[in-house]
Amino acid sequence: MKISDFILPFVIGGILFYGMIKEVDIYSVFVEGAFDGAKSAVKILPYIIAIIFAVNLFIQSGAEEFIVKIIQPITTFIGFPAELLSLIIVKPLSGGASYGVIQTILENHGADSYIGRSAAVLMGSAETIFYTAAVYFGAVGITNSRYTIKVGLMSHVASIIAALVVCKYMF
Amino acid sequence: MKKVWFGLITFGLIFSIFSGKPEVISKVLLFDIQKSVDLVLSLVSIMAFWSGLMRIAEKSGILDKLSNFLKPITRLLFKDIQNSKEAVNAVIMTILANMFGIGNSATVLGIKAMEEMQKINKNKNVASNSMCMLLIINMSSIQLIPLSVIKLRSDAGAVNPTDIILPTIIATCFSTIISILFAKYYERKSIL
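As they're listed, the protein sequences go chains A and B. The first sequence begins at 811 in my numbering and counts up by one. The second sequence begins at 63 in my numbering and counts up by one.
Heads up, some of the hints might be wrong.
Pairs of lysine-lysine residues, derived as PhoX-like cross-links and limited to a Cα-Cα distance of at most 25 Å, are as follows [what the hints assert, rightly or not]:
(1) B:Lys127 to A:Lys853
(2) B:Lys97 to B:Lys127
(3) B:Lys213 to A:Lys832
(4) B:Lys251 to A:Lys853
(5) A:Lys960 to B:Lys64
(6) B:Lys181 to B:Lys147
(7) B:Lys147 to B:Lys97
(8) B:Lys251 to A:Lys960
(9) B:Lys141 to B:Lys127
(10) A:Lys960 to B:Lys184
(11) B:Lys141 to B:Lys181
(12) B:Lys89 to B:Lys64
(13) B:Lys184 to A:Lys853
(14) A:Lys849 to B:Lys181
(15) B:Lys213 to B:Lys65
(16) B:Lys133 to B:Lys184
(17) B:Lys186 to B:Lys213
(18) A:Lys832 to B:Lys147
(19) A:Lys849 to B:Lys97
(20) B:Lys133 to A:Lys853
(21) B:Lys64 to B:Lys251
Simulated from the structure, these hints should not be mistaken for lab results.
Pulled out of the complex, with its shape left as it was, chain A reads as follows (with noise of 0.2 Å):
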């Protein structure tokens, strides 16, 4: 039972209901802005074609393996929990290595345990920023992103500190 099931019959129902009344031919529209969205999900394939490859050889060659060794011992001192380092890494690059990274905490230290409901919280106030910069911004081809990258990193900071001490007092 997902809440997303309940809603998309109202979402539907209601947009094509709604339609018949204000007597808008429905079926053509549809047909026509179906073929608009086919067009810019092609458009955006150079754009996650750039990103997967980036983000993969990173993870996979050991270069966020090792960067996670170096920062570990400052984490460690200032008293941050370790085993969400590689998490914190992973999850702004992308959405599917962080799946793996997180089941592999929670299978550790359990559902239920700090760490654990850390992670969970985290990984769900916290999102893959450079793939949503890539695709969004590929699909119109906007070059310079200004500010957007470094307030999205400045979030997920914000993100990792809101999850640590909502933890902490919330259990």
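Let chain A serve as the given structure and place chain B on it in line with the hints.
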């Protein structure tokens, strides 16, 4: 984006050589890139469907009603697209789809919103304030119910897999508010 891309690849290349597994590069080229085609193919149908449905919603005027209702908020956050009704509507739909986590439709609507905003963007290579704001709000993740995480927790044997919903919403709201504040700050600081 250019720097990030370059950095990721350079690190990846260097490490694949130093860790003694240069075969990783060809593995990524052969297998992992294939995934991007699968991803796009899986997006084509859902994007076509939602774009079609959204076109009906647009034509029937139901979107205009919704965006009038949310006008006080969008006027504050997306100041420079207020002249384009289509852009405002698309932005609202993107944010709603993200909040309810309706699958890939959020991506579809997001791209639609970007296209509408690009139409009224003065400099076609540089992101407008509203584009940055939409991206930043999306990046802070505004999904209300993290379904996939709940699934993962129940697979891992959590006693009550859904007990992270409230903490997640709190953390998400916090990071979203912080992001919006920073976005507004940089918006004012940079002269376009």
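Evaluation of the provided hints:
1. A hinted pair counts as satisfied when its Cα atoms are at most 25 Å apart, and Lys127 of chain B with Lys853 of chain A does not qualify at roughly 31 Å.
2. For the proposed pair Lys97 of chain B and Lys127 of chain B, the alpha carbon gap of about 40 Å is over 25 Å, so the pair is violated.
3. Under the criterion of a C-alpha separation no larger than 25 Å, the hint pairing Lys213 of chain B with Lys832 of chain A is inconsistent with the structure, at around 41 Å.
4. Under the criterion of a C-alpha separation no larger than 25 Å, the hint pairing Lys251 of chain B with Lys853 of chain A is inconsistent with the structure, at around 33 Å.
5. For a cut-off of 25 Å, the pair hint linking Lys960 of chain A to Lys64 of chain B stands: about 13 Å separates their Cα positions.
6. At roughly 12 Å between alpha-carbon atoms, Lys181 of chain B and Lys147 of chain B fall within 25 Å of each other, so this suggested pair holds.
7. For the proposed pair Lys147 of chain B and Lys97 of chain B, the alpha carbon gap of about 36 Å is over 25 Å, so the pair is violated.
8. Distance hint between Lys251 of chain B and Lys960 of chain A is fulfilled; the C-alpha atoms sit about 14 Å from each other, no more than 25 Å.
9. With a C-alpha separation of about 19 Å, the suggested pair Lys141 of chain B and Lys127 of chain B falls inside the 25 Å cut-off, and the hint holds.
10. Taking the CA atoms of Lys960 of chain A and Lys184 of chain B, the gap is about 23 Å. The hint holds against a cut of 25 Å.
11. For a cut-off of 25 Å, the pair hint linking Lys141 of chain B to Lys181 of chain B stands: about 15 Å separates their Cα positions.
12. A distance of roughly 24 Å separates the Cα atoms of Lys89 of chain B and Lys64 of chain B; the hinted pair therefore holds under the 25 Å criterion.
13. Between Lys184 of chain B and Lys853 of chain A the CA atoms are separated by roughly 22 Å; this keeps the pair inside 25 Å, and the hint holds.
14. As the CA atoms of Lys849 of chain A and Lys181 of chain B are separated by approximately 17 Å, the hinted pair is consistent with the 25 Å bound.
15. This hinted pair does not check out: Lys213 of chain B and Lys65 of chain B have alpha carbons roughly 35 Å apart, beyond 25 Å.
16. A distance of roughly 23 Å separates the Cα atoms of Lys133 of chain B and Lys184 of chain B; the hinted pair therefore holds under the 25 Å criterion.
17. A hinted pair counts as satisfied when its Cα atoms are at most 25 Å apart, and Lys186 of chain B with Lys213 of chain B does not qualify at roughly 41 Å.
18. Among the hinted pairs, Lys832 of chain A with Lys147 of chain B is consistent with the structure: their alpha-carbon atoms are about 19 Å apart, no more than 25 Å.
19. Between Lys849 of chain A and Lys97 of chain B, the direct Cα distance comes to roughly 19 Å. Compliance with the 25 Å bound is thereby established for this hinted pair.
20. Proximity of Lys133 of chain B to Lys853 of chain A is assessed by CA-CA distance (about 31 Å); at most 25 Å being required, the pair is judged violated.
21. Distance restraint check for Lys64 of chain B and Lys251 of chain B: the Cα-Cα separation of roughly 22 Å lies within the 25 Å cut-off, and the hinted pair is therefore satisfied.
Hint compliance for this structure: hints 1, 2, 3, 4, 7, 15, 17 and 20 are broken, all remaining hints hold.
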